[in-house]
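Sequence lines, in order, name chains F and P. Position one of the first sequence corresponds to residue 1 (the numbering used here), numbered consecutively onward. Position one of the second sequence corresponds to residue 1 (the numbering used here), numbered consecutively onward.
In case anyone wonders, no lab produced these hints; they're calculated from the structure. Certain hints may be false.
Using 25 Å as the maximum straight-line C-alpha spacing, the simulated BS3-like pairs for lysine-lysine come out as follows [stated by the list, open to error]: (1) K227/F x K211/F; (2) K56/F x K89/F; (3) K198/F x K102/F; (4) K36/P x K97/P; (5) K104/P x K30/F; (6) K89/F x K38/F; (7) K172/F x K198/F; (8) K255/F x K198/F; (9) K39/F x K89/F; (10) K36/P x K56/F; (11) K38/F x K96/P; (12) K208/F x K226/F; (13) K255/F x K211/F; (14) K96/P x K30/F; (15) K118/F x K208/F; (16) K104/P x K38/F; (17) K227/F x K255/F; (18) K97/P x K38/F; (19) K36/P x K96/P; (20) K126/F x K172/F; (21) K178/F x K102/F; (22) K118/F x K202/F; (23) K39/F x K56/F; (24) K104/P x K39/F; (25) K97/P x K56/F; (26) K202/F x K178/F; (27) K202/F x K126/F; (28) K104/P x K56/F; (29) K226/F x K255/F; (30) K96/P x K39/F; (31) K97/P x K30/F; (32) K198/F x K227/F; (33) K39/F x K97/P; (34) K178/F x K56/F; (35) K96/P x K56/F; (36) K211/F x K118/F; (37) K56/F x K38/F; (38) K198/F x K178/F; (39) K255/F x K208/F.
What follows is the residue order along each chain.
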Amino acid sequence: MDFGMLTRAVLSMGILGGLFASGLAYASVKFAVEDDPKKQQIEEILPGVNCGACGKPGCASYAEAVANGELGIDCCPVGGAELAEGIAKIMGVAPACSTERKVAQVLCQGGNEETFDKSEYKGLPKCQVADMEENFKSCEYGCLGFGDCAAVCDFDAIVMDENGLPQIDTDKCTSCTKCVVECPRDIITMAGVSEQVKTKCKSLLRGKEVKVACDKGCIGCTLCAKKCPVDAIDMVDNLAVIDHETCVGCGVCVKVCPTDAMVETSF
Amino acid sequence: MEGISNLAMLFVAAAITNNFILTQFLGICPFLGVSKEVPTAFSMGLATTFVMTTSAVFVWVIESFILVPLGIEFMRYIAFILVISSFVQLTELFVKKVSPPLYKALGIFLPLITTNCAILGLALMISMEGYTFIESTIFGLGAGAGFTLAIVLMAGIRERLEFADVPESLKGAPIALLVAGIMAMAFSGLAM
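With the sequences and hints as input, model every part of the structure.
Below, the structure written as structure tokens:
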């Protein structure tokens, strides 16, 4: 073993490495790029989980996007309103809450009690399958009740009740919209928490047919539209459609509805 | 006079007849990765040329004054990689400072110049061929110019391909590889 060669190799490489390292250290100071101080401050208060929910690949890119005005201060659902306030302070803007919190809403009240089965369904107990196979349920627009939505919910916010309808725990709902996508009958929608009344029916059938199919369906009687003091309700395809911009939440429609299809929401 | 014509020959050989990408098939990764737009490809070519030329100089110095006199030629790879990665770092810092948009456009391919085999290949060729200091510099410059030429040509073709009616199954990478193959054939014709 030639120790001289070993020493020479170690020493020369060590010195070389040291030289290059100091050269680079000097260059990194000389070519230092000043990051936007706002970006750094924002990055510090961000959750730092790099989940990508804001649409950017990570917290650092979101901080950058906020700092140069590309994205708003409230795009981080993880940090929520508290974080938006913090970012607002750094950016020197008012802590505007531009987007209202939305939660999933089931627009059907046709459970086992309200509806009946025209035939016995023998397929897989999944809504997606049942929707394809046959019209076994009296209402062809209503909830199939196999709980695909509950299964897809990552936050345990949906539970199927005894009546075979999904119940949404609005505190647990994170507005991820997975259930909205999952439901083959498009019964679930996202509703802003300020929307106080909802037509809990999606049936486009005429009143008579609805009455046969379900006890709580919208029969298109137009009573609510007539009684609404602010004219916030329009009848579209035999369904009462509420304009939530004009709705004042007086609850008259809920009282006059003969089938209880109009429901006051509770968040 | 003969010295100069020799150097010119060396430059042309490194840049065209022995083009690193298209006849020696070194550095294919950035060749395919950063050749979607001509300006970006050109900048990538310049960055690589810078690293190639400076590395060539330093590699020659280290080879002749450290490795050979000390009899530790077996440390070649480590020493060369050290040189290359240092210069890539330097280039990265420089590009980030001077042109952040370019820094973003080059993305991962900028630090990946470190592992670009074209550059280590260049360093090893310099020590194998026993070039002089001037020859090494010219060789590095020629290799860089050849790299830039190839990548800019490729980008030019791919820009036009964007609007071409390419069969569905050939869209994207397959047609790029086909183009690269045809370009390589053309360049090997020059070496005859």
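Hint check against the structure, violated hint numbers in rising order: none
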